[in-house]
Each structure stands twice: as C-alpha cells, then as structure tokens.
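Visitor: Residues per chain, in single letters:
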Amino acid sequence: MAANFWTSSHCTHWILDRRRVAEAMKEDLEYVNIDTLTKIKMWYYGIIGKIGKRLQFRQQVVATAIVYFKRFYTKNSMRSTDPSLVAATCIYLACKIEECPQHIKHIIQEMKHALANLGGFDYDTSKVAEFEFYLLEELEFYLIVYHPYRDLTLIAKDLKLEESNLQTAWFVLNDSYRTDVCLFYAPHMIALAALYIICVVHAEQYNDNNNNGGGSGRAGGGSQNNPTTSSSSSNEGQGINNRNMVQWFADLNVDIEEIIEITQEILSLYSIWKDYEEEQVPAMMQALKMEFDENYELMDPQLEGMQ
Amino acid sequence: MEEQEEEEVQEHFDLPPMNMTEYKQKRDSCRQKIASKYDILGFISSGTYGRVYKAKSKIKDDNKEYAIKKFKPDKEGEAATYIGISQSACREIALCRELHHENIVGLEEVLLEDKSIHMVFEYAEHDLLQIIGFHSHPERKFMSEYTVKSFLWQLLNGVAYLHANWVMHRDLKPANILVTANGVVKVGDLGLARLFYKPLQPLFNGDKVVVTIWYRAPELLLGSRHYTKAIDIWAIGCIFAELITLRPIFKGEEAKVENKKTVPFQKNQLQKIFDILGNPTKERWPTIDQQPEYPNLASFRQTPNVLRSLYQQWPIKSEQGCNLLAAMLEYDPLKRITAEEALNHPYFQEDPKPGLDSFAGQPVEFPLRRITNEDKDMRATANVQKTHPVPAVKDDRLTKRPRVDA
Chain A
90 MAANFWTSSH CTHWILDRRR VAEAMKEDLE YVNIDTLTKI KMWYYGIIGK IGKRLQFRQQ
150 VVATAIVYFK RFYTKNSMRS TDPSLVAATC IYLACKIEEC PQHIKHIIQE MKHALANLGG
210 FDYDTSKVAE FEFYLLEELE FYLIVYHPYR DLTLIAKDLK LEESNLQTAW FVLNDSYRTD
270 VCLFYAPHMI ALAALYIICV VHAEQYNDNN NNGGGSGRAG GGSQNNPTTS SSSSNEGQGI
330 NNRNMVQWFA DLNVDIEEII EITQEILSLY SIWKDYEEEQ VPAMMQALKM EFDENYELMD
390 PQLEGMQ
Chain B
3 MEEQEEEEVQ EHFDLPPMNM TEYKQKRDSC RQKIASKYDI LGFISSGTYG RVYKAKSKIK
63 DDNKEYAIKK FKPDKEGEAA TYIGISQSAC REIALCRELH HENIVGLEEV LLEDKSIHMV
123 FEYAEHDLLQ IIGFHSHPER KFMSEYTVKS FLWQLLNGVA YLHANWVMHR DLKPANILVT
183 ANGVVKVGDL GLARLFYKPL QPLFNGDKVV VTIWYRAPEL LLGSRHYTKA IDIWAIGCIF
243 AELITLRPIF KGEEAKVENK KTVPFQKNQL QKIFDILGNP TKERWPTIDQ QPEYPNLASF
303 RQTPNVLRSL YQQWPIKSEQ GCNLLAAMLE YDPLKRITAE EALNHPYFQE DPKPGLDSFA
363 GQPVEFPLRR ITNEDKDMRA TANVQKTHPV PAVKDDRLTK RPRVDA
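If you read the sequences in order, they're chains A and B.
Here the numbering used here is used: the first residue of the first sequence is 90, the next is one more, and so on.
Here the numbering used here is used: the first residue of the second sequence is 3, the next is one more, and so on.
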C-alpha cells in the first residue's frame, strides 16, 4: 500500500472508468450544461482550498479532501445532495486521515464564513458528524489517497530539476485538482504530465493560456498559487533543453499518449478558467437546484445575461 | 442601477432549502443489516474503543468465524454531542483496508448500523497474552523453543510488512498479537498505528504517549519527538523475552499522567530497563544527550549489563537467540536491528526452524477464547458454542491503552 501504489485501494478501486463518472453527472446535466457544472465544482474545490488556507493545512490535506469530494460525486448528483455539507465533511475526514485533526467546530465555523454569500451553512456538529458515516460508506472505507507531489519530488531529484521548475510543476499539480485527472490516472502519470507541461509544451503557450486565465487565485484562492505568478520561472523552464526532455519522456517506459491526455485535460482547465466568474456561481447553483418544472426551459445562466 | 443589480444578485442567493432526507433515505434503505449477514455467537471483550463480538457468516459456504469490533458511538460517560468517528477508528479503518498480509489480522468488511462503525475481522482463537497466561497458571510450564521461535518469526514477518509499507504499529504487546487456532500469528489492533512517510507534523505532536509502558522503547521514555519504527522492534524484543520466561522483562510501574499537557518522566520503567541492560552511555548511544529527558539520567545508580547472564538461566539455550534479543533491545534506535534484518538472523537458521503452525507438535491443548452471552447490546443470535471455560485472568493490559489525547 503506502510503499506500493499498485496494491493500494487507490489503484485497485479508485482509478475509474470515464463512463461511470459521466453516468453520475447525467441528472445534473439535465439542469445545467457541462461547463456550468464544471464551474460549480471548481467553486467548491476553491472553498475547500480556501478553508485549508485559513486553517493552515498542508496542500496534501486539501488534496485529499478534494479527492474525497470528487469520489463522492462519482456516485451522486450535485442536485440531490448538498455539496457544502459534503465539502465540510470531506475536509473533516481528510484532516483525520492526514493526521492533523481539526475540531469539527472550526471547520463548521469556516464553512459558515466561506458560504456567507451563498445560502450560508446550516449544519451543526451533529449533522456533519452524522454525514461522515454516509461519506465513509460512499468512499467504501478506502481512505488513503495517493498524490502526485511525492512522485514529482522523486522525479525532480532524478532529473536534477531546478528548484524554480519544480515549483512551477508543483503549482500545475495544485491546479490539476480542479480537473478530474485524479479519478482517471495514476498519480505518477499526473506528475509526469505536470513536468511535460512545464518542460515540453512550449513555455510561451503555457504562459499565454494563463495570462488570461484568471487563475486559481480567483477560483477560490486555496493554497494554489496562480501559475502566472511564477511565469518568470516558466521562462527559465526554457533553459531546460527541450530536446533532451522530449527524449527523456520518449525513453520512459510509460504510455506517452496517456501523459498527453492528462496534459490536455489540465490545459483545457485553463481555458475554462478564462471565463470563470465567481459571481456567477449563485445563479448557476440556483439553476442546478431548480424545482423541476416542465414548462421551464433548460436554463443556462450564462445565456441569461449573467455575463 | 448598481443597487438594482445587487438586489438581483441577492435574489439569486436564495437556494431551495437543502435537506438531504431523500439522499439519506435512499442510502439507509439499501444498507445491509449485520443480522442479515452474520450470526452473533457471543461477546468477547470490551475496551475504550467499544466491544468485540464473535460471529459467523450466514452464507452457507462460508464456515469462517469473524470478530466484529463495534466502535462506541460516544465516548463513555461523555454526554456531549457526537463529533464523528475517533482518530483511532479512522486509522484502523484506513490502514486495515489497505494492508493484506498473512501475519496481519485481515479486515473482511466495514458495516454501519445503529450509528456505529462495525469492523468485521477474521477471527483468531488466541492471543499471546492468553497463551502466556495459560502457560503460567496454575504452575509455570515453558513453551517449546519451536513455538516461541515460530511466534517471533511470524510477528517479525508481519511487522516487516508494516514497516515496508511505512506503517508503525506503536502498540505492540502480547494482548495485541493474535494467534489463530492453526498457530498463525496475526498482528492486531492498528488503532494506534500510523503512516510515517514524511509526516506532516512531528509524530510526538499527534500522540503524546504511545506503546504500553512495559513495551515502551527507551527513546520514548526519554521524550524523543522524532521516534522511528525502531520502537516496534524494542516492543518485539520485550515480547520475545516474555515468551521465553512467561514474565514481562521490564515490569515497571507507570507514573500517572497528571495533566494532559505534560508527560511524566517514567523513572521506574527506565530503572527496570537499566537493571538488566545497564545504564545507557554515550558509547552505546551517541545521541543520547539530545534526548529531552537526558538530564534526568544523572540520578540513576550505575548498574552493569546483565542480559547475557540472565539469559543463561532461561529455558532457551541458543546463543544466537540471545544475540537476536540483544540486537532488538539495543539502546540506540539507529543501531537496533530492523524487522527485515531480524528475519534473516542466524537464530532462525538454527534448529528448531520456525514454522507456519506455531503449535505443531505442541502437546498442550489451548482453551478456546471465552465468549459470553451476557451482553445486552448485540444479542447472540445463535447458540453459544460450548467452550472450556478459561479462568478469567484479571490483567489490566487487556484494556489499558497508552493514550493521552492530544
């Protein structure tokens, strides 16, 4: 397990088929379109990140909480559940599993603060504690999650990667949690994709995508740093001999196609980020939670002049 | 204009009231009842965590027996509101769900019922505390070297697997080492176990006190903040000696915890260790002066290391056995033998070689684990099997846990 990803529950039970995840989204997609749903989810990841920052968690704790949240929503629709209760419970459980337990009251307090503008957080200690049972069950009691940070550090050491490049790759990994790549790919593949992004994908293109992107800072803060803030290091990234890196990737005994898929998924996040406005989220949520009314046309808040 | 916009936005903030009643009903309705899957045969024991029951699967082809550990929904005596599952239950579930090894107690499944977590483990008929007790009462009759060596080897084998997976057990003691009716060792009770790969905080910050006092390593007794997996090896050394002599090797008296913030200095326990191993010196343990409680060592009388002469009076005569014991009871955690190295120790190459059935050729018939039907909580749903009653040995090690909540 901890020493061997291949025998872990993460590998054997929680690397998922895309169809299963698509199935879970079906109900929600009757109310909002895929971009909107993605943005709503991004908003909740942002909330988890924000609370993590306020309570000074390490990135790993935030990452585990986000993975729990994602895993929960591979089995449930957002419409039929309350994502804020799910998020709070994910944070609470992740803190325990990552050995930095927090008092449940602190988490509830932070949730109330973070959701002050979006319906508040109307759950007390016993409600969150009760929901922990449901969350544990949805997670099938598999609680240990692998993250790509460790792999990245190991690979970086092996490659003698400069500190600044490692930093940038680290930020890309933070961003990757806004996508679903952690549900579909092994962590070391995600780590490789992050390296691929900073070393092989042209650094300029990467910066271009981000300069307009708004970035994670706006998407809820979190402990994620906006990749643009480290653009200078990305430029240094050009200092890495790209041809050598291409060769290095080619020599790896891994599926390069898969790395490219992950890369594309992460890069496409940056394009969604471009037109993500936090202020739109309440209307998006309302559309998602709308009482079903046959006369009502499928509403996409973005088409309703919310831009 | 701006005001108007704000009003509009305000309006959007009102989401339909969310209660998760529907979701919960759906989940509650498809949850399988424990009684539909298992027959409860009786009550085994209770502890701070909750209660353990013996059970049998209702599936016809499954003749295996199980131990169901039911965690208390609330801390005893605390009427306070429920605040979620304990850190200990969390760890045990998380780790047992990942670990799969012949010498680690297997977790069959986890069930929720009655607002409690139920962990269904494979059943083990015996444990080392009970076996040691059986060999000590009414008169002392030593275990065969084969049995001792097989227990020790399998225990090391399980712990080597834990350590290879970055898991520290932190509460190894005879009561937590289970043994099946076929003589297979199963390391149990991972409620204090945790991962030690790049911990986010020093281990000391999480749990101020780990390992039951008699099995607690010297670096822990000296207040080490960054202890290592070597603490498990010390405990195994203590267990090895106890298997041979049937008495705890360092039977100290625990200084009581007076308040939760400070950990008392365990002078008596250290004295028991020094009485046998001699005082630790800078030569034996170069970094001993960095231990927080180092200044306290000045007050101890000087005693020589008498482990070898003591061992000669014990029933096992192998010199390699003594070497292995000394290697596990090494003061300096860096010099202490690792589980992996111990498995390859010459002691295990000598006859009698260890076996998979620790009881093989053993003339004694161990009594079965006693179960009762007294418990009101989960009633036995099947007839309690007839067992040879075991005299209930009162031993506080059964229920005592080395825990001070952080």
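Simulated from the structure, these hints should not be mistaken for laboratory data.
All residues carry an ideal CB built from backbone N, CA and C; glycine is no exception.
Errors might be hidden in some of the hints.
What the hints assert, rightly or not - For lysine-lysine, the following BS3-like pairs were computed, each having C-alpha atoms within a straight-line distance of at most 27 Å:
id, chain 1, residue 1, chain 2, residue 2
1, A, K194, B, K35
2, B, K210, A, K194
3, B, K35, A, K216
4, A, K216, B, K210
Stated by the list, open to error - Pulled from the structure, derived: some chain B residues nowhere near chain A, Cβ distances all over 12 Å:
id, residue
5, S47
6, K58
7, S90
8, R93
9, H102
10, G135
11, K274
12, L336
13, P348
14, F368
Visitor: Decide, hint by hint, whether the structure agrees.
Guide: Going through the hints against the structure:
{"no.": "1", "hint": "K194(A) <-> K35(B)", "verdict": "violated (32 Å)"}
{"no.": "2", "hint": "K210(B) <-> K194(A)", "verdict": "holds (23 Å)"}
{"no.": "3", "hint": "K35(B) <-> K216(A)", "verdict": "holds (23 Å)"}
{"no.": "4", "hint": "K216(A) <-> K210(B)", "verdict": "violated (30 Å)"}
{"no.": "5", "hint": "S47", "verdict": "holds (23 Å)"}
{"no.": "6", "hint": "K58", "verdict": "holds (22 Å)"}
{"no.": "7", "hint": "S90", "verdict": "violated (10 Å)"}
{"no.": "8", "hint": "R93", "verdict": "violated (8 Å)"}
{"no.": "9", "hint": "H102", "verdict": "violated (7 Å)"}
{"no.": "10", "hint": "G135", "verdict": "holds (34 Å)"}
{"no.": "11", "hint": "K274", "verdict": "holds (31 Å)"}
{"no.": "12", "hint": "L336", "verdict": "holds (21 Å)"}
{"no.": "13", "hint": "P348", "verdict": "holds (27 Å)"}
{"no.": "14", "hint": "F368", "verdict": "holds (32 Å)"}
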